[in-house]
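With chain Z held as given, fit chain W onto it using these hints.
Those protein sequence lines, which keep their order, are chains Z and W.
If you count by numbering that gives the first Met the number 0, then the first sequence holds residues 0 to 497, one letter each, in order.
If you count by numbering that gives the first Met the number 0, then the second sequence holds residues 0 to 280, one letter each, in order.
Incorrect hints may appear among the rest.
What the hints assert, rightly or not - One side only, chain Z facing chain W, incomplete, derived with CB under 8 Å:
| hint | residue |
| --- | --- |
| 1 | LEU189 |
| 2 | HIS190 |
| 3 | ASP227 |
| 4 | VAL229 |
| 5 | LYS232 |
| 6 | LEU255 |
| 7 | PRO256 |
| 8 | PHE258 |
| 9 | GLU274 |
| 10 | PHE287 |
| 11 | PRO288 |
| 12 | PHE290 |
| 13 | THR292 |
| 14 | GLY366 |
| 15 | PRO414 |
To be verified - With a straight-line cut-off of 25 Å between C-alpha atoms, the simulated SDA-like cross-links for lysine to any residue are:
| hint | chain 1 | residue 1 | chain 2 | residue 2 |
| --- | --- | --- | --- | --- |
| 16 | W | LYS232 | Z | ASN265 |
| 17 | W | LYS55 | Z | ASP238 |
| 18 | Z | LYS299 | W | GLN261 |
Unchecked claim - Computed far set for chain Z versus chain W, every beta-carbon distance over 10 Å:
| hint | residue |
| --- | --- |
| 19 | PRO23 |
| 20 | GLU345 |
| 21 | GLU369 |
What the hints contain is simulated information worked out from the structure, not anything from laboratory work.
Idealized CB from N, CA, C, for every residue including glycine.
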Amino acid sequence: MSDVEKNEEKTEGGLTRKERMKIPRTPIPEQDAKERAKNFDEVALGYSADQAQMEAQRCLQCKNPKCIAGCPVGIDIPAFIKAIEEGDPAAAIAKLKETTSFPAVCGRVCPQEEQCELVCIVGKKNDPVAIGRLERYAADWEAEQGTSSKPEIAASKGKKVGVVGSGPAGVTCAGELAKMGYEVVIYEALHKPGGVLTYGIPEFRLPKAIVFRECEYVESLGVEIKTDYVIGKTMTVNDMLANGHDAVFIANGAGLPVFMNIPGENLNGVFSANEFLTRANLMKSYRFPEFDTPIKVGKKVAVVGGGNVAMDAARTALRLGADVHLIYRRSREEMPARAEEIHHAEEEGIQFHLLTNPTQIIGDNEGWVEEIECIQMELGEPDDSGRRRPVAVAGSEYRIPIDVVIMSIGTGSNPILTQATPELELNKWGNIVADEETGATSMEGVFAGGDIVTGAATVILAMGAGKIGARSIDRYLQGLPLKPEPEAAEAEVEETTA
Amino acid sequence: MYKILEKEDYSDDTYMQVIEAPAVAQSCQAGQFVILRLHEEGERIPLTIADFDREKGTITIVVQAVGKTTRELQTYGKGDSIANFIGPLGEPSEIEKVGTVICAGGGVGVAPIFPIARELKNAGNKVISIVAARTESLLLWEDKMREVSDEVIVTTDDGTCGRQCLVTDPLKEMCEAGGIDLVYAIGPAIMMKFCCKTTEPFGVKTIVSLNSIMVDGTGMCGACRVSVGGETKFVCVDGPEFDGHEVDFDLLMSRQRQYLEQEKIAYDYYLECRGDKACLT
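Chain Z on its own, in the form it takes in the complex (with noise of 0.2 Å):
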């Protein structure tokens, strides 16, 4: 068949492929930019089921879908579309369900444009199905439904596995335990569960009713989230095995900010972006003093850095009132956020200074910040991330008056866990060495997976190796070899990897 003969073929749902195509890509509505910057409201308002419906059939449902292996998890992506574009959300839902536990998280902050939507068939031609929008759209319409389906859940293996943290990678290989009939708890150690999705993704790119909605999902499969407990502190990994864990996974994230070492960084008025976010965020402080944690902002707030925390610590400090600019040294381009929180910052009125980067913080007599001295960068060759090196302009220094300084230039890895058990392996930067494949770690029974192993990425990523995780402690728990035999390994990298 010529591509022009595939093209007038009626696909299922009576439209033709070229008609499909046709169908430009469904906006999704949001605040505006001006409303938006004066509240904490979710920015984007997600699709209405005819906008839905509309997207849906933008798919063309491949016989050859590109978009499950661009997913970290696999999503089986052209059946829960289909779903929508039949008018069954609830069919949509399962679908998802099947493979993920945090449908309405990862419809929001996935970085789709990367991932599944990248290589979208659609996208050759035309700007891809809106895949993440569309996830969002289903895990939203069961959450109005206030019921919520849970898919089938084995009967008890008699085993039980501990894990470390509930933030993405924890929760998702809790839950994958849970479902095949292990008895898991997880071990938080802040007052709320959530992990990152909690403590540092703002409410309004992720409302935090939806994180909690999404554990106690994992909940009712059967999983205990017990919070207020640091393990490390509270009890060690090898306590856990001692005291009835047959394993752990440890998914305790990339908690440790990162500064400049630059003169002036401990002056008050200089936060990490952890500490900023986690007062606005975890503890609420932008309702101040109704909620007790108090946060400073200021008039003008510098934040450092150029990643999607960057952006949602200035976008956060912009709505409690201030004149935001945002120091990055290298040019647009190479700015790790995500395109789209880059534009909503623009949007709001963060004023980006690029090719800048901060030389020293200067205070006043009392100890706090009063002016940011900076560099201008140019670009020079590229360095081991592919990406240009920035090199200081001799003698283009300059200060700006600043009240507030945000550091987001990273994590490193946050140590109370691996200190206090010292027979896990860890690389030069502290995180715990665990196999890609398995996420086994130099202890028996012990696994790990998420930003402790990887150090700081993707929510996405790290339910990726919560799954890797969990099926490799089904394995170990079965005294099976963790890598599958290698005919039935093909088979089962085709279904999970990416």
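Chain W in isolation, oriented as in the chain Z frame:
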């Protein structure tokens, strides 16, 4: 929820609570701290552990009401519960037999120094304790300190009890007399600063327990950073105890004042509303 099993007011502003927290009691050691949060709207505050009972599964805290949360906690009595109680956090005290050790506690700082003195004594050290306060009504745990010390010196700034002098006076005298191998000083930052200034010329190692502002208390936020020996350290994971001669106390005290303005707002709101959030609207 964590139940308060005992509560005793020591003065208008200082009080003791015994809190049921078996997991924390099971693993805690002298020198560590907890973070607590009273309720859904509450902030997380760090408090150094004053005592613990592994069998009963309890942790004792001694608190001075200085801000909104510590004042509100004072209204919690026996049988009440607090929402979150997390720990033990920080590194335990490094207890060794070194010879003669002075344990100098100022105000509510006497309470956290108690388990350290006990451990030092158990390790075979001669323990001389200085129990200091501004005035007699703020003196606490003199009896408990006597149980674990070879000698106890009581001082008050106003002379209402014991010697009328600052904690640094007997400290200096003993350093001058010689034979002191180690000093522990716990109390307000200014008291620890001057204890360190007192011992420094004599080259007597002085350990302090820092009380900086924290949010999570687990190394995630960096709010508690201090400068020790010219390097930035996190009190929550690297401390709370440090070699006092290396600590930049002026920076610590400056950083402790960071939220003064907001703390006053929160405190005033609390006094005005007495916990009734409806009055905010």
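Each hint tested on the structure:
Because the closest C-beta pair between Z:LEU189 and chain W is about 6 Å apart, less than 8 Å, the hint holds. Because the closest C-beta pair between Z:HIS190 and chain W is about 4 Å apart, less than 8 Å, the hint holds. Interface restraint check: Z:ASP227 against chain W, minimum CB-CB distance 5 Å, threshold 8 Å, status holds. Interface hint at Z:VAL229: satisfied, since its Cβ lies 6 Å from the closest Cβ of chain W, which is below the 8 Å cut-off.
Interface restraint check for Z:LYS232: the shortest CB-CB distance to chain W comes to about 6 Å, inside 8 Å, so the restraint holds. Interface restraint check for Z:LEU255: the shortest CB-CB distance to chain W comes to about 5 Å, inside 8 Å, so the restraint holds. A hinted interface residue such as Z:PRO256 counts as satisfied when its beta carbon comes closer than 8 Å to some beta carbon of chain W; here the least separation is about 4 Å, so the hint holds. The closest approach between the C-beta of Z:PHE258 and any C-beta of chain W is roughly 7 Å, which is under the 8 Å cut-off, so the hint is satisfied.
At its closest, the beta carbon of Z:GLU274 sits 4 Å from a beta carbon of chain W; the interface hint therefore holds under the 8 Å criterion. Because the smallest distance between the Cβ of Z:PHE287 and any Cβ of chain W comes to about 7 Å, under 8 Å, the interface hint for this residue holds. Annotation: Z:PRO288 was flagged as interfacial toward chain W, and the flag holds, the nearest CB pair being 5 Å apart, inside 8 Å. A hinted interface residue such as Z:PHE290 counts as satisfied when its beta carbon comes closer than 8 Å to some beta carbon of chain W; here the least separation is about 5 Å, so the hint holds.
A hinted interface residue such as Z:THR292 counts as satisfied when its beta carbon comes closer than 8 Å to some beta carbon of chain W; here the least separation is about 4 Å, so the hint holds. Below 8 Å, beta-carbon pairs count as interface contacts, and Z:GLY366 has one with chain W at about 4 Å; its hint therefore holds. The beta carbon of Z:PRO414 is positioned within 8 Å of a beta carbon in chain W (closest approach about 6 Å), and the interface hint is therefore held. Restraint check for W:LYS232 and Z:ASN265: the C-alpha separation of about 11 Å stays at or below 25 Å, so the hint holds.
Between W:LYS55 and Z:ASP238 the alpha-carbon distance is near 20 Å, which keeps this suggested pair within the 25 Å criterion. The hinted pair formed by Z:LYS299 and W:GLN261 meets the criterion: a straight-line CA distance of about 18 Å does not exceed 25 Å. The Cβ of Z:PRO23 lies farther than 10 Å from every Cβ of chain W, with a closest approach of about 43 Å, so its non-interface assignment holds. For Z:GLU345, the shortest C-beta to C-beta distance to chain W comes to about 28 Å, beyond the 10 Å cut-off, and the non-interface label holds.
No Cβ of chain W comes within 10 Å of the Cβ of Z:GLU369; the nearest lies about 14 Å off, and the non-interface call holds.
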